[in-house]
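If you read the sequences in order, they're chains A and B.
Using this note's numbering, the first residue of the first sequence is number 385, and each one after it goes up by one.
Using this note's numbering, the first residue of the second sequence is number 89, and each one after it goes up by one.
For the record, the hints were derived by calculation from the structure and aren't laboratory data.
The structure presented is a predicted model; accordingly, all values stated were derived computationally and were not measured.
C-beta atoms are modelled at their ideal positions from N, C-alpha and C, and glycine is treated no differently.
Watch out, some of these pointers could steer you wrong.
Over the 10 Å line for every Cβ pair with chain A, so calculated as not near, a few chain B residues [what the hints assert, rightly or not]:
| hint | residue |
| --- | --- |
| 1 | Phe112 |
| 2 | Phe136 |
| 3 | His156 |
| 4 | Lys179 |
| 5 | Lys192 |
The list that follows gives simulated cross-link-like pairs (lysine-lysine, DSBU-like), each with its CA atoms no further than 30 Å apart [to be verified]:
| hint | chain 1 | residue 1 | chain 2 | residue 2 |
| --- | --- | --- | --- | --- |
| 6 | B | Lys198 | B | Lys131 |
| 7 | A | Lys536 | A | Lys413 |
| 8 | A | Lys413 | B | Lys161 |
| 9 | B | Lys111 | B | Lys149 |
| 10 | A | Lys413 | B | Lys179 |
| 11 | B | Lys131 | B | Lys149 |
| 12 | A | Lys413 | B | Lys192 |
| 13 | B | Lys161 | B | Lys176 |
| 14 | B | Lys176 | A | Lys413 |
| 15 | B | Lys111 | B | Lys172 |
| 16 | B | Lys111 | B | Lys198 |
| 17 | B | Lys161 | B | Lys149 |
| 18 | A | Lys413 | B | Lys131 |
| 19 | B | Lys172 | B | Lys131 |
| 20 | B | Lys179 | B | Lys192 |
| 21 | A | Lys413 | B | Lys111 |
| 22 | B | Lys111 | B | Lys179 |
| 23 | B | Lys161 | B | Lys172 |
| 24 | B | Lys192 | B | Lys131 |
| 25 | B | Lys111 | B | Lys176 |
| 26 | A | Lys413 | B | Lys172 |
Sample of chain B residues facing chain A (criterion: CB under 7 Å; computed from the structure) [unchecked claim]:
| hint | residue |
| --- | --- |
| 27 | Asp92 |
| 28 | Leu95 |
| 29 | Val99 |
| 30 | Ala103 |
| 31 | Ala106 |
| 32 | Val125 |
| 33 | Val126 |
| 34 | Ala129 |
| 35 | Gly130 |
| 36 | Ile173 |
| 37 | Lys176 |
| 38 | Ile177 |
| 39 | Val180 |
| 40 | Pro190 |
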Amino acid sequence: MVTLGVMVAISSVVYVLESLIPFPVPGGKWGFSNFLVLYLSFFSGITDGIVLAISKSLLGSILSGTILTPGFFMGFLGSLASAIVQGVIARFNIFGLAGISILGMLVNNIVQFLVGSFLIGSSAIYVFLPLVIFLGTFSALANAYLANQTEKIFESMEER
Amino acid sequence: MRHDFILFILVISSALIAIFVPKFYEPSVSNNANTVVVRIAGKTAYEFSQPGNWRITNSQKEYVTTLHYDGNKVWVTESNCPDKICEKIGKVGQGGSIICVPNKMIIEFKKRESQESTNTTDVQTW
Numbered sequence: 385m386v387t388l389g390v391m392v393a394i395s396s397v398v399y400v401l402e403s404l405i406p407f408p409v410p411g412g413k414w415g416f417s418n419f420l421v422l423y424l425s426f427f428s429g430i431t432d433g434i435v436l437a438i439s440k441s442l443l444g445s446i447l448s449g450t451i452l453t454p455g456f457f458m459g460f461l462g463s464l465a466s467a468i469v470q471g472v473i474a475r476f477n478i479f480g481l482a483g484i485s486i487l488g489m490l491v492n493n494i495v496q497f498l499v500g501s502f503l504i505g506s507s508a509i510y511v512f513l514p515l516v517i518f519l520g521t522f523s524a525l526a527n528a529y530l531a532n533q534t535e536k537i538f539e540s541m542e543e544r
Numbered sequence: 089m090r091h092d093f094i095l096f097i098l099v100i101s102s103a104l105i106a107i108f109v110p111k112f113y114e115p116s117v118s119n120n121a122n123t124v125v126v127r128i129a130g131k132t133a134y135e136f137s138q139p140g141n142w143r144i145t146n147s148q149k150e151y152v153t154t155l156h157y158d159g160n161k162v163w164v165t166e167s168n169c170p171d172k173i174c175e176k177i178g179k180v181g182q183g184g185s186i187i188c189v190p191n192k193m194i195i196e197f198k199k200r201e202s203q204e205s206t207n208t209t210d211v212q213t214w
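Using the sequences and the accompanying hints, generate a full structural model.
Listed below in structure tokens is the structure:
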């Protein structure tokens with residue numbers, strides 16, 4: 385429970401700070417705050433991943449003042465859907481961290497664009513989807529690396 | 089992990105195809121008779137082809153943005169939304185669009201209804 389609390393804090397801060405990193409698609413984010421959701425989905429279980437996805441989106445958007453805006457609903461539902469999918473796929477021994485991270489990124493972006501196109505009542509938004517997925521693949525790999533490093537930290541803590 | 093690598097290659101290559109293939113089919117940019125369409129919540133709110141500044145208000149008559157159209161490209165010069173994403177998109181021409189999620193607004197060029205009549209090519213072969 386304490387660990388989960390720390391993870392919520394870290395993810396929320398990353399969620400706010402990463403909006404300062406330039407992203408080629410206007411309004412887009414790299415999505416590095418998802419690395420702990422990936423970590424929990426993979427190493428801990430689907431429930432912890434979902435709890436973190438919900439709480440970091442809520443806390444992060446309260447901190448950045450974007451809560452209940454259309455952008456918040458896109459991010460919130462995307463993050464939630466990706467936590468569920470990552471948690472389910474992690475139960476099968478098909479993909480490693482990197483593969484699950486990429487699949488999570490795909491689900492996250494597709495859900496965000498579905499919500500976005502529903503909100504603005506147009507499909508014009510989909511023009512950006514391929515570019516966002518292309519860039520997201522690299523941040524998905526970075527997230528897989530970060531999740532792996534997180535596991536190493538926990539392992540070394542248990543050895544002590 | 090072999091599956092991870094296959095997935096990575098599949099996702100990257102399909103994203104690249106989806107980015108670059110549509111570029112071959114984009115209509116050539118012409119400098120005349122372009123109509124800018126502003127749609128709010130899926131409904132056409134404004135349509136104009138005259139260059140100038142355009143003040144956009146939503147269905148509740150609340151100010152949304154100010155557009156500038158120079159006859160060739162259109163861009164947002166001022167917006168009420170805190171994100172300013174529409175302003176950052178910059179100038180867009182035929183085939184481009186400015187999307188503002190907070191105001192549920194899309195600014196784009198009207199697609200030409202009859203491509204054949206504006207097409208000066210006699211025969212196209214592949």
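Task: Hints breached by this structure - done: Failing hints, ascending: 5, 9, 32, 33 and 39.
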